[in-house]
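K.L.:
Produce the entire structure from the sequences given, and follow the hints as far as they go.
Below are the chains, spelled out letter by letter.
6 protein chains.
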Amino acid sequence: MLARLFAPRTTVHAHCDLPCGVYDPAQARIEAESVKGIMEKYASNDDPVFRTRALVIKEERAELVKHHLWVLWTDYFKPPHFEQYPHLHQLFNEATKLAGTAGAKGSVDVAKAEDLLSKIDEISKIFWETKQG
Amino acid sequence: MLARLFAPRTTVHAHCDLPCGVYDPAQARIEAESVKGIMEKYASNDDPVFRTRALVIKEERAELVKHHLWVLWTDYFKPPHFEQYPHLHQLFNEATKLAGTAGAKGSVDVAKAEDLLSKIDEISKIFWETKQG
Amino acid sequence: MLARLFAPRTTVHAHCDLPCGVYDPAQARIEAESVKGIMEKYASNDDPVFRTRALVIKEERAELVKHHLWVLWTDYFKPPHFEQYPHLHQLFNEATKLAGTAGAKGSVDVAKAEDLLSKIDEISKIFWETKQG
Amino acid sequence: MLARLFAPRTTVHAHCDLPCGVYDPAQARIEAESVKGIMEKYASNDDPVFRTRALVIKEERAELVKHHLWVLWTDYFKPPHFEQYPHLHQLFNEATKLAGTAGAKGSVDVAKAEDLLSKIDEISKIFWETKQG
Amino acid sequence: MLARLFAPRTTVHAHCDLPCGVYDPAQARIEAESVKGIMEKYASNDDPVFRTRALVIKEERAELVKHHLWVLWTDYFKPPHFEQYPHLHQLFNEATKLAGTAGAKGSVDVAKAEDLLSKIDEISKIFWETKQG
Amino acid sequence: MLARLFAPRTTVHAHCDLPCGVYDPAQARIEAESVKGIMEKYASNDDPVFRTRALVIKEERAELVKHHLWVLWTDYFKPPHFEQYPHLHQLFNEATKLAGTAGAKGSVDVAKAEDLLSKIDEISKIFWETKQG
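Top to bottom, those sequences are chains C, G, Z, V, Y and X. Residue numbers for the first sequence follow my numbering, beginning at 1 and rising by one. Residue numbers for the second sequence follow my numbering, beginning at 1001 and rising by one. Residue numbers for the third sequence follow my numbering, beginning at 2001 and rising by one. Residue numbers for the fourth sequence follow my numbering, beginning at 3001 and rising by one. Residue numbers for the fifth sequence follow my numbering, beginning at 4001 and rising by one. Residue numbers for the sixth sequence follow my numbering, beginning at 5001 and rising by one.
Keep in mind that the hints are not guaranteed to be accurate.
To be verified - In silico DSSO-like cross-links for lysine-lysine, where the CA-CA straight-line distance does not exceed 27 Å:
| id | chain 1 | residue 1 | chain 2 | residue 2 |
| --- | --- | --- | --- | --- |
| 1 | C | 112 | C | 97 |
| 2 | C | 97 | C | 125 |
| 3 | Y | 4078 | X | 5125 |
| 4 | G | 1078 | C | 78 |
Said to hold, decoys possible - A short, non-exhaustive set of chain V residues, derived as facing chain Y with CB atoms under 7 Å:
| id | residue |
| --- | --- |
| 5 | 3022 |
| 6 | 3033 |
| 7 | 3037 |
The hints are simulated quantities; they were obtained by calculation from the structure and are not laboratory data. Each residue gets a CB set at the ideal place from its N, CA and C atoms; glycine is no exception.
P.N.:
In structure tokens, the structure reads:
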């Protein structure tokens, strides 16, 4: 993966903004794994203190998933990418919505976390395709 | 504006996630006004300490503009909205990109801040239309 | 409201500090609306996961109310304002205390959120008077 | 100082809000020492990278001074304290304003940091008096 | 304590990094007192809203304890210190682990907070010894 | 890498604390790549606005490197690991110190960022060994 990080930038980066040009969907994925891990532990432990702490921490990790996805969507992806992948906007919107795990019912459902990981996987696949463009 | 905040939610909110249902593009706009104000003061003061502080603070405010826009895009707007306003995804993407004010050249250009305010205005117009739907 | 934001600054701003001169009590009000919205949803949903998430998020929004009020009190209001409105210090102190919603009993009481909104309204009224001074 | 932290709470704490009842002006003071230390190093080093980093970090520490003072003002001090010390509101307002070190000219002036430390000292003195009440 | 803060730096500081050279274990201790205070109040109040808020806030304060300890360990202590106090690495690691209060069972146990305070005390003792070196 | 994330935990995790058990040194590495990228861009662009923004952003990313390393050191690694890798404490201390890139002179030196990446690589190697233990 290190090799890929150093791969030459495609032309859409020509006028890249400052920060650094380093993006990696792994950041969102690792936090989403964490969300899933928390849900699994929540399901198997009914101590109320544990469960409250789990929900507090899950809320934070989920917020980080959203943040990392938003940064990719705004800072990494450029107009030519959105032309090439017309569903990319919707994909990001669905992924960040899933990270927010709306309804109270769904919010400790491990399957929701797996859906989120799948979406991030789709984004990741597109991301690495654009890096190799 | 208070009246509008208490206006009945449209049906797209039916399955609204927890937080509260309170969103307002004014949050992004106020921070963007701040970005513009900083750029104006930057332009008219060449004290180096002042200018460095201005850039530090502008970076923070711009980050907040992005955050507030991302929240609207992910948490407030629902699939029916994106169907009704097909350019909404792109509008948000352009607005958040402008908030990031990529290139070093543009980053203290007051006109860039005005472009950002116009985009937020467009978003705001759509937002209030959907509230009255 | 945009018009008012661009209104000429009164003389107390003559030595205005850097940031930008853009302040707006709407920032505190929107977060306080959010606190109120959360309390309402809390009251009408007894799912424990939902309720814990509600309390976590409410704690954050309340913190933001406090922050926005503190910034107004410290950064916007200047000595002449405090002379003109002798109860302004106390008003801000009461408003931020309300945002902290001290006692466990009161902390999910919607009436407390309404008190908070009233205090912010009083501050807002004074704020806009000073802008038109 | 540990002894004082464990001293019995005065009656104004009777309806103390949750968090913990632990407050200490040392938190504001330590950050203000840091602001002063940064200014001293800024004055004696004209490397531009060093100076920019100094200003970035000073901005953060100053923000923390403000935050710790705001928390004391809102969360620790209660109405009876403000009656007993009628200038306490103004003292806090002046201290937080100094922490913000408004004008560009003053913002790297070590004397400003010393003024800030004096104000915090005054607050600290009152604080410990109220603890022993 | 003020006197000590201004005491001449020992030689290990010769190449001190920018920030300011101001460190004080009191920052970690005050947050740890707060964690202990919260646990005590948690133990004596079984209102579920109160308890959830207590856990949310405790999580934040514990995170701050960790942060202040990490900063001391990385930014204040230098190689000669670690040679002089060979158990210092482990001491910090144990203290930060305690601040994280791993297992659900232990996480509202006041004794755990007291252990944490003892560890911070040990660190504090070493810290002040190195200042006087 | 996904495979490895799901590999069975070694026994030292038996009493694993809540959060989730998901750790990955990639988080520190990605931020460190970012620090390096910023330094490279800094070196090749002498626009003062660009350079100030670069330093502001680098300071943030470096702080994140430190944070991710501290979390690994405190939350992931357990006493048996430190016995097995006696230099692990020092390795983390050196890596976080490098992330802080003390002196003004070194702080925009790309070689320093490469040293940091090497240290993170060493940590990463140990991390994955302990996962496969």
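K.L.:
Look at each hint and say if it fits the structure.
P.N.:
Hints versus structure:
1. For the hint pairing residue 112 of chain C with residue 97 of chain C, the CA-to-CA distance comes to about 11 Å; that is within 27 Å, so the pair holds.
2. Taking the CA atoms of residue 97 of chain C and residue 125 of chain C, the gap is near 19 Å; set against the 27 Å cutoff, the hint holds.
3. For the hint linking residue 4078 of chain Y to residue 5125 of chain X, the alpha-carbon distance of about 25 Å falls within 27 Å, and the restraint holds.
4. With a C-alpha separation of about 23 Å, the suggested pairing of residue 1078 of chain G with residue 78 of chain C holds against the 27 Å cut-off.
5. Checking residue 3022 of chain V against chain Y: minimum C-beta separation of about 4 Å stays under 7 Å; hint holds.
6. For the restraint placing residue 3033 of chain V at the interface with chain Y, the shortest Cβ-Cβ distance is roughly 4 Å, inside the 7 Å limit, so the hint holds.
7. The beta carbon of residue 3037 of chain V is positioned within 7 Å of a beta carbon in chain Y (closest approach about 3 Å), and the interface hint is therefore held.
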